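Asks: Could you build all of it, start to finish, from the sequences and the hints given here?
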Amino acid sequence: MAVMNTAAVSIEHLGFTYPGQPNIFTDLNLQIETGERFGIFGPNGAGKTTLMYCMTGLLSYQQGKLSLFGNDIAAHTKETNKLFGFVPQDFSFYQELSPVQNLEFFGAWCGLNKQTIKQRTTELLEVLGLADVRNKQVQKFSGGMKRRVNLAIGVIHNPRILFLDEPTVGVDIQTRNAIINYLKELNKNGTTLIYTSHQLSEAEELCNKIALIEAGKIIAHNTLDNLLSEHKEDGLEGLYLNLTGKAYRDGNV
Amino acid sequence: MYKLWATIKKDISVLLRDKVGLTLMFTMPIVLAIVITTIQNSTFELVNNNKVPLLLCNRDTGDASKQLITAIEKVGMFDIKQVTQNQTDQEIIDRMHAKDALVAVIIPANFSEKIVANAKNISGKALNNFGLQADTTKASADSVEPLTLYYHPVLQTSFRLSVNGALRSSLQLVQNKQILKSLYFALNEKELPKNLEDQVVNENVPINEISVSRDGTRNIPNATQHNIPAWTIFAMFFIVISLGSSVVREKLNGSFVRLKTLPTNYLVALISKQLTYLLVTMVQAICIFAIGIWLFPVMGLPKLNLPSDLFGLLIVLLICGWCAVSFAICIGVFAQTQEQANGIGAVSVVLLAAIGGILVPSFAMPSSFHLIIQLSPLHWALEAFYGLFLEGGKLKDILINILPLLIITVLIQIVTLWGLKRKNLI
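Chains A and B, in that order, are what the protein sequence lines are.
In case it helps, the numbering used here puts the first sequence at residues 1 to 253.
In case it helps, the numbering used here puts the second sequence at residues 1 to 426.
These aren't lab readings, by the way, just hints derived from the structure by calculation.
Hints are supplied without guarantee of correctness; some may be wrong.
Stated by the list, open to error - Capping the alpha-carbon separation at 25 Å, the derived lysine-lysine pairs in DSS-like fashion look like this:
1. A/Lys188 <-> A/Lys118
2. A/Lys146 <-> A/Lys118
3. B/Lys81 <-> B/Lys51
4. A/Lys136 <-> B/Lys9
5. B/Lys74 <-> A/Lys146
6. B/Lys190 <-> A/Lys146
7. B/Lys19 <-> A/Lys146
8. A/Lys78 <-> A/Lys65
9. A/Lys65 <-> B/Lys421
10. A/Lys78 <-> B/Lys421
11. A/Lys65 <-> B/Lys423
12. B/Lys260 <-> A/Lys118
13. B/Lys66 <-> A/Lys82
14. B/Lys81 <-> B/Lys66
15. A/Lys78 <-> B/Lys51
16. A/Lys82 <-> B/Lys19
17. B/Lys260 <-> A/Lys114
18. B/Lys423 <-> A/Lys78
19. B/Lys19 <-> A/Lys65
20. A/Lys140 <-> B/Lys251
21. B/Lys19 <-> A/Lys140
22. A/Lys78 <-> B/Lys251
23. B/Lys251 <-> A/Lys82
24. B/Lys19 <-> A/Lys136
25. A/Lys140 <-> A/Lys188
26. A/Lys82 <-> A/Lys136
27. B/Lys66 <-> B/Lys260
28. B/Lys190 <-> B/Lys19
29. A/Lys118 <-> B/Lys9
30. A/Lys65 <-> A/Lys114
31. B/Lys251 <-> A/Lys136
32. B/Lys51 <-> B/Lys74
33. A/Lys140 <-> B/Lys9
Since the structure is predicted, the reported quantities are computational estimates derived from the model, not experimental observations.
Replies: Here it is, written out as structure tokens:
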């Protein structure tokens with residue numbers, strides 16, 4: 001294992017391409033420090049999700065180096081995979097099962113023992129307001145409740161880095177507020193958050209550092225305050241439109 | 001170990017929620033086993049117990065035709081309905097179309113007269129050959145008019161040949177008797193004594209019937225003994241519908257994405273699925289066997305007799321179940337959608353069942369199919385089951401069937417692992 005004080009995520013000269021398609025990334029460099037609440041933003045097709053999939057080892061990159069706390073993600077070692085949690089945009093669990101059954105299964109796959117899983121399940125369901133429905137089938141839950149189950153599974157093993165791909169899409173204000181508050185709480189306890197979303201107001205509330213991606217390149221990377229003052233904008237939405245333009249970006253399907 | 005246990009628990013819970021899948025896995029093969037056994041049982045009974053309905057029109061008035069009818073009755077395979085001698089051939093054919101009988105025999109008008117004349121002719125020639133003086137009575141040299149045998153076209157060739165053989169042996173008996181009588185009369189100038197006639201005609205060389213079952217028992221094969229093993233195998237392989245689509249569902253929904261990021265190899269999920277669904281196949285077999293043992297007799301169907309080598313049966317069930325599970329997972333790994341898994345899975349299992357002898361006996365297939373038959377795991381499984389259920393064999397007797405089944409299973413596993421590796425899933 002690498003030493004504790006290295007960057008949470010270190011990306012050097014990353015090159016990635018899908019088979020038979022133009023390059024997504026050619027020479028991407030990015031450093032995310034431990035304890036940051038890092039937002040990755042950009043128009044549709046900019047490469048946000050691809051970058052997140054590379055960082056979580058779901059996609060294998062062709063060039064460069066990508067490490068989490070100094071551990072090469074490409075090695076796919078158990079130790080590296082234990083370092084992070086992932087909350088995908090889609091509901092990534094078994095809808096036929098209850099929250100408890102899901103947490104028991106995914107907890108075991110994270111390498112936790114039965115006792116720890118039980119303890120973490122109780123804590124998480126309580127904090128995320130799911131204690132009353134702990135044994136009900138998730139299939140029957142509202143979208144907001146499913147989002148919270150999705151989040152609970154991602155953090156059951158207390159990961160040091162948490163990747164969040166649009167964790168609040170399609171939920172009501174109350175659920176969004178609860179999720180954001182919980183994420184802030186996690187961050188206070190030392191978890192580095194790496195987050196993508198199209199909810200810019202939410203991002204302003206959550207993130208302390210951001211990167212804007214356009215066509216596979218990072219076009220801005222700094223704290224939110226610095227970026228706003230640098231570009232003379234008073235909000236993330238204005239900054240976003242200023243840097244990425246107003247044209248549609250999802251025409252090349 | 002806890003990871004595997006938690007995964008098995010998850011798989012069982014997901015499976016129990018899949019009501020449609022469970023219904024398909026258990027109800028469908030049970031219904032098939034009951035329906036097919038009931039239908040086949042009537043065919044078996046027709047061959048083994050029931051008599052063939054036969055219309056008999058005797059247009060002759062002599063003794064030879066009466067002797068022929070008695071001989072036919074003694075064969076024991078016919079349910080004879082005599083019709084009046086003035087019925088025309090067309091009327092008899094019409095009655096057969098009306099399913100009154102599968103076979104009809106018409107004895108021509110001067111049958112007895114011709115049989116007697118023919119016998120005298122033969123005996124006369126024989127005496128002349130022996131250098132003895134033959135009867136001076138002039139025997140008719142006309143040949144006997146043929147018997148007419150009508151048969152319903154549904155009658156299988158083998159069955160028709162056995163009917164023909166039975167009639168021919170009855171006819172031979174009558175002819176021999178007449179020749180004997182004629183010879184005796186020519187030599188002794190008196191009638192053949194009754195006791196001598198009976199002795200000569202009835203004291204045939206006996207035929208010992210011995211069943212070639214391996215354990216020496218004489219269980220007559222019935223529809224249950226054939227169908228329960230066959231449909232148990234089919235049921236086991238039909239889990240492809242539930243298991244194949246379960247693998248695809250897991251691949252397509254987000255849970256698979258998350259699983260790939262966790263510090264556990266996907267092989268754990270595969271082992272769990274194999275163990276869970278192997279358990280399902282064992283429960284399927286127990287259910288279908290239980291129906292054969294306890295429900296079938298209540299329904300008037302033959303009871304299932306379990307083989308004497310129960311350990312051998314367990315081994316065959318386990319290997320067959322493992323092969324079925326491996327096949328289903330393989331389909332799930334390569335299918336892109338649930339529809340593909342269901343379609344390819346169902347069609348391939350029906351095809352493998354057809355060429356494996358589940359739907360049509362393997363021996364009835366054209367010779368060009370004999371190589372393809374060997375490729376169906378259901379064929380080897382069925383042969384192993386028949387070795388135990390019908391031939392009374394032991395495990396050592398069916399190793400020759402288990403081994404190819406095991407080899408096919410290992411090959412399917414290798415293909416599955418290659419597919420997972422190719423898709424970067426393990």
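Asks: Next step is simple, just say for each hint if it's right about the structure.
Replies: Now for the hints, and whether the structure bears them out:
1. Between A/Lys188 and A/Lys118 the CA atoms are separated by roughly 24 Å; this keeps the pair inside 25 Å, and the hint holds.
2. Pair hint A/Lys146 plus A/Lys118 holds up; C-alpha atoms about 20 Å apart against a cutoff of 25 Å.
3. Restraint check for B/Lys81 and B/Lys51: the C-alpha separation of about 12 Å stays at or below 25 Å, so the hint holds.
4. At most 25 Å may separate the alpha-carbon atoms for a hinted pair to count; A/Lys136 and B/Lys9 meet this at roughly 17 Å.
5. Our distance criterion of 25 Å between C-alpha atoms is broken by B/Lys74 and A/Lys146, whose separation comes to about 80 Å.
6. Between B/Lys190 and A/Lys146, the direct Cα distance comes to roughly 108 Å. Violation of the 25 Å bound is thereby established for this hinted pair.
7. With a C-alpha separation of about 23 Å, the suggested pair B/Lys19 and A/Lys146 falls inside the 25 Å cut-off, and the hint holds.
8. Straight-line distance between C-alpha atoms of A/Lys78 and A/Lys65 comes to about 18 Å, which keeps the hinted pair within the 25 Å bound.
9. Note on A/Lys65 and B/Lys421: the hinted pairing holds, with a Cα-Cα distance of about 23 Å set against a maximum of 25 Å.
10. A distance of roughly 18 Å separates the Cα atoms of A/Lys78 and B/Lys421; the hinted pair therefore holds under the 25 Å criterion.
11. Between A/Lys65 and B/Lys423, the direct Cα distance comes to roughly 23 Å. Compliance with the 25 Å bound is thereby established for this hinted pair.
12. Of the supplied pair hints, the one linking B/Lys260 and A/Lys118 holds, its CA atoms being roughly 23 Å apart against a limit of 25 Å.
13. Restraint check for B/Lys66 and A/Lys82: the C-alpha separation of about 96 Å exceeds 25 Å, so the hint is violated.
14. The hinted pair formed by B/Lys81 and B/Lys66 meets the criterion: a straight-line CA distance of about 14 Å does not exceed 25 Å.
15. With a CA separation close to 73 Å, the supplied pair A/Lys78 and B/Lys51 exceeds the 25 Å bound.
16. At most 25 Å may separate the alpha-carbon atoms for a hinted pair to count; A/Lys82 and B/Lys19 exceed this at roughly 36 Å.
17. Simply put, B/Lys260 and A/Lys114 have alpha-carbon atoms about 21 Å apart, close enough for the 25 Å limit, and the pair holds.
18. In summary, the hint linking B/Lys423 to A/Lys78 is supported, as the alpha carbons are separated by about 20 Å, within the 25 Å threshold.
19. Between the alpha carbons of B/Lys19 and A/Lys65 the distance comes to roughly 48 Å, so the proposed pair goes past 25 Å and is violated.
20. Using a Cα cut-off of 25 Å, the hinted pair A/Lys140 and B/Lys251 holds, with the two alpha carbons roughly 22 Å apart.
21. Proximity of B/Lys19 to A/Lys140 is assessed by CA-CA distance (about 16 Å); at most 25 Å being required, the pair is judged to hold.
22. A C-alpha spacing of about 21 Å is found between A/Lys78 and B/Lys251, which places the hinted pair at or below 25 Å, so the restraint holds.
23. The hinted pair formed by B/Lys251 and A/Lys82 meets the criterion: a straight-line CA distance of about 22 Å does not exceed 25 Å.
24. Taking the CA atoms of B/Lys19 and A/Lys136, the gap is near 17 Å; set against the 25 Å cutoff, the hint holds.
25. For the hint linking A/Lys140 to A/Lys188, the alpha-carbon distance of about 33 Å lies beyond 25 Å, and the restraint is violated.
26. For the suggested pair A/Lys82 and A/Lys136, the alpha carbons sit about 28 Å apart, so the restraint of at most 25 Å is broken.
27. Proposed proximity of B/Lys66 and B/Lys260 is contradicted: the alpha carbons are some 86 Å apart, above 25 Å.
28. Of the pairs offered as hints, the one joining B/Lys190 and B/Lys19 is violated, with about 86 Å between alpha carbons and a cut-off of 25 Å exceeded.
29. Annotation: proposed proximity of A/Lys118 to B/Lys9 holds, straight-line Cα distance about 15 Å (limit 25 Å).
30. This hinted pair does not check out: A/Lys65 and A/Lys114 have alpha carbons roughly 36 Å apart, beyond 25 Å.
31. For the hint pairing B/Lys251 with A/Lys136, the CA-to-CA distance comes to about 24 Å; that is within 25 Å, so the pair holds.
32. About 12 Å separates the Cα atoms of B/Lys51 and B/Lys74, which keeps this hinted pair within 25 Å; it holds.
33. Between A/Lys140 and B/Lys9, the direct Cα distance comes to roughly 21 Å. Compliance with the 25 Å bound is thereby established for this hinted pair.
Of the numbered hints listed earlier, those contradicted by the structure are 5, 6, 13, 15, 16, 19, 25, 26, 27, 28, 30.
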